[in-house]
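**Q** Protein chains in written order, with our numbering: chain E, 27 to 347; chain X, 5 to 454; chain B, 614 to 923.
Hint data in this document are derived by calculation from the structure and do not stem from the laboratory. Just so you know, even glycine gets a beta-carbon here, dropped at the ideal spot from N, CA and C. Be a bit skeptical, because a hint or two may be false.
As the list claims (entries may be wrong) - Here are some of the chain X residues that sit facing chain B, going by a computed Cβ distance under 10 Å:
(1) D87
(2) A88
(3) G92
(4) G94
(5) P265
(6) R342
(7) G363
(8) A367
(9) K401
(10) W402
As the list claims (entries may be wrong) - Here are the simulated SDA-like cross-link-like pairs (lysine to any residue), alpha carbons at most 25 Å apart as the crow flies:
(11) X:K395 x E:G42
(12) X:K398 x B:S771
(13) B:K766 x X:T439
(14) X:K401 x B:G799
(15) B:K798 x X:P90
(16) E:K44 x X:K401
(17) B:K828 x X:D87
(18) X:K395 x E:L94
(19) B:K798 x X:R342
To be verified - Output of the computed footprint for chain E on chain B, the stretches with three or more beta carbons under 8 Å from beta carbons of chain E:
(20) 725 to 731
(21) 735 to 746
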Amino acid sequence: MQTRLFAAPSPHIHGGEKTPRIMGDVVLALIPALAVSIYALGWRVLMITAISIVSCVLFEYLIQRFLLKGRNTIGDLSAVVTGLLLAFNLPVGIPWWIVVIGALVAIGIGKMTFGGLGCNPFNPALTGRIFLLIAYPVQMTDWTTSVPDALSGSTALADFKLQYVTNAVSFDNHNFLDMLLGDMNGSMGEIGALALILGGLYLLVRRVITWHIPVAVLGTMIIFSVCAAIPMGGAMLWQMPTFHLLAGGALLGAIFMATDYATSPMTHKGMIIYGIGIGAITMIIRLWGAYPEGMSFAIFIMNAVTPLINKYCRPKRFGTK
Amino acid sequence: MRTFPIGGIHPSDNKEWSKDRAIETLELPSEVYIPMIQHIGAPSTPIVKKGDKVLTGQLIGQAVGFVSANIHSSVSGTVTSVDAYPNGQGQRRIMVVIKREGDEWVETIDRSTELKRECTLTPQEIIAKVRDAGIVGLGGAQFPTHVKLSVPDGQRAEVLIINGVECEPYLTSDYRNMMERAELILTGVEILMRAVSVERAVIGVENNKPDAIAHLRDVIAKGNYRGIEVMPLKVRYPQGGEKQLIAAVTGRQVAPPPALPISVGAVVCNVSTSIAVYEAVQKNKPLIERVVTVTGKELKTTHNYLARLGTPVSRLFELAGIPEGDVKLLNGGPMMGRAIVDITAPLIKGCSGLTVLSGREAARGTELQCIKCAKCVAACPMGLEPYLLSKLAKLQKWDVAEEHNVVDCIECGCCSYTCPSYLPLLDYIRIGKQTVMTNIRARAAAANKK
Amino acid sequence: MNELLLTVLTLSVLGALLAVVLYFVAQKFRVEEDPRIDDVEKMLPGANCGGCGFAGCRAMSEALVKRDNIAALFCPVAGGETMKSIASFLGKTAAEKSPMVATMRCGGSCDKRPKVNHYDGALSCAVVNTFYVGESACAFGCIGYGDCVHACKFGALSINPETGLVEVDPDKCTACGACVKACPKGLFELRKKWPKNRAIYVACRSKNRGAVVMKACKAGCIGCGKCEKVCQFGAITIDNHLAYIDPEKCKLCRKCVNECPTGAIHIVNMEPLAKEPKPAVAAKPATPKAESAPKAVEATESKVVTAKNE
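Can you build the whole structure from these sequences, using the hints too?
**A** See below:
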């Protein structure tokens, strides 16, 4: 056998990290939350999730193959993550065809129009969800589930909003432990708070995400809700922040949606500013906005600010103060 | 434990392949090719011609200007040619070819092995000896040592930092020197301290070499070397970068270019350079040989050789037994080494190791799109944005790249190493750096004319 | 109904008011510009290639209109005719320049210049050039990763997969000079464009000695000087072991082609001279000669095919 000399500029070795592996880690981190969801809401969860993932992957493949005529990119698994996150943002009772439309918007408009993975200014799954929320508000806020003991048709945040505007906030009906374990109304992926935290820890350990964004988002939400609770005083001071962290999409958004690589800032300082922005906007919407939940909109708005943050938050140049 | 402030990576160092191989003296080559440029700065002028007889250690290339280095014959014999021959990258450079006949040394060189510690020379005399001996940084940068030691007027060195980090994966030549020739290193350090007039010297060693740290400390205590301290550093690549090492040891950061280490009162030398300085000053021996690691996963045997400069690298690879099939041969380690495409090329002053990678180890992954994961930004030890610089260089937006400080890049390769999309970030940044530096020099030249 | 009326009225009044404001602002901040600049810009090709030395066609037309003497200005893309009509439009005299064409001066195809290593880095000639000579042993030859192809805005360059070399389509080439700047080895030269796209040039840039050239490439110029001697017009000079044919002096006599022992002198769209009746000597040059002629034909054919595909 003849010896053939290879040549390339340095470095000659690689750390071994790969995009598909990162995306695979995200999928893995979402599995516990999916399991909780299936346990709480039934097998329909799995069906909707499957539809969402399959249609996201299919749309990416078709668009890449026939419209962009580029290399097949479904192998990077990013469409799977988008599909999974989109499903996690939908109520379990949603008709299947709405899921497909959501996937088309998420992949087709949210991602591929901008040139695919890494070029999208907005989180694709969120783009899909927000489109559906505006286009199909009835189906998107129908929380009646197939589980018989899920009594009311509204989420905890909607209840809270009603109470807050009438100045009659009370968390006596809420068992925080139940909320932590997944016994509440909400989108398929947002109900298993503990499972989401577990997933987040896994991502931190695997260095897929850094702590900056989740901590900044959740920290800001805590500070905000404590401030909002000060006039009420008493037990509200801890109930309010706990409620806001566990209810709605706070954890799903902070850990999985806001940390999306393409749409979050590049420097740690920028990430913290971005996280504070998301936390603040979320709480503003939750307390004073028209919608009961503001996580999606907050992330979406801050996605738009990301390029500006990137422009002004440069990394610290070595040797400068 | 200390380390540098920002960025860095943790590649597996694989030093166990060759770290326990004691230094062997390589047999004398039958023919040497000695390039007239083995340093940063102006190429030296050959002062011998075809047919001349030369002795081992005889000056054959005269330094041109201050930033340049003398070149000496590494064997004795007859000059058979002074002409352009390819270096490891296939580029033709002026080399002096000497056919070896015996091994007759220049008389003034003291070839005894006993340690000579006493040194009463003035700093100027030491620097002159270092310059005459043609010593350059042996860690790989090949910057003339006498230039480093000449502290400019109005500035003062406060600490001498000796680089025993050897952060480059695979390589073990500095490690072997620390284990086997610690006395020479420490005496060299004493001389260097004298040369730059400092009371304190710190030898930085990463704590993946605990035996080297212990051994150096032991020798310091036994030999009563004053003012020399061994500082263990937390393992992180590229700790051996000059600015990174200064930051790790002193906590001070050298300002961006054109600021030099002396601006924070530091002078940095490699441990192997320290040995060369000792030999030059105490033994009158010019730089004609060095310790070089030959390593690789698929080699039959790995080695740490003490080899004469100018030995064709093919001889070293031959002794190690290159595996068949696809290979990548490197002058240096896998992070910063340069690929060798012509194995007739000679061993040069800055070559601390020869690495053999199999085709599989060396093959690059398929490029995907940038996903803006910011891993390169977090890994960059200079606080740059590699993803952006790479893109700017690709688009040839040189002025924007300059605004984003592309010239700060130390080409350590952390960005390409971490990129999950396998983008050749450094490949393009390097073009950007070279082009911008050329532009800056052109501007400076134009300003000078006015 | 009232509300509707009120809304419509308010908006209309507001619109009208703002229109007036806009009008005055536009008047006040108006930039006086010679209307001829627009006209001249329309006459230029609009490729914004920078071949004239200006940032784009707009900058060029400004210069054309504003400068009194435009003899130094020339748009290589538009060519002499357009420059003349622009000059007559402006009442000035245009530069006279014969048409040029980019020429890639390396003949080291895959079979003549074997690869001695395998490059595995970023696919860019500039990147290759940052650290080593390239995949062949020749330090002067075409690297073949197509930086020039990317730089060409007119689609005139393409890499022939068989030879691994860049080929110029003289009909598409506008001599803007982008390839000259892009090639890190400096292989491109803008040469005089002969009728029928004929050309003759030394397809080698190696300044190495003959022996070194022969080792790396069978098609390189070895600086033997035979062509220099045979040229009656003094068009050929040898410098650093490398022949150069001055296009201004060359008369396309093609005598040098038969002399060249390595076939480094390429002719395009021309037949080589008939073999001289000296079989012993002619036998050797016949080989490269026979090869180079069909290659030129092949090249043009393949270009036609790619043009159709596009």
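**Q** Could you work out which of the previously given hints the structure breaks and list their numbers from low to high?
**A** 5, 9, 10 and 16
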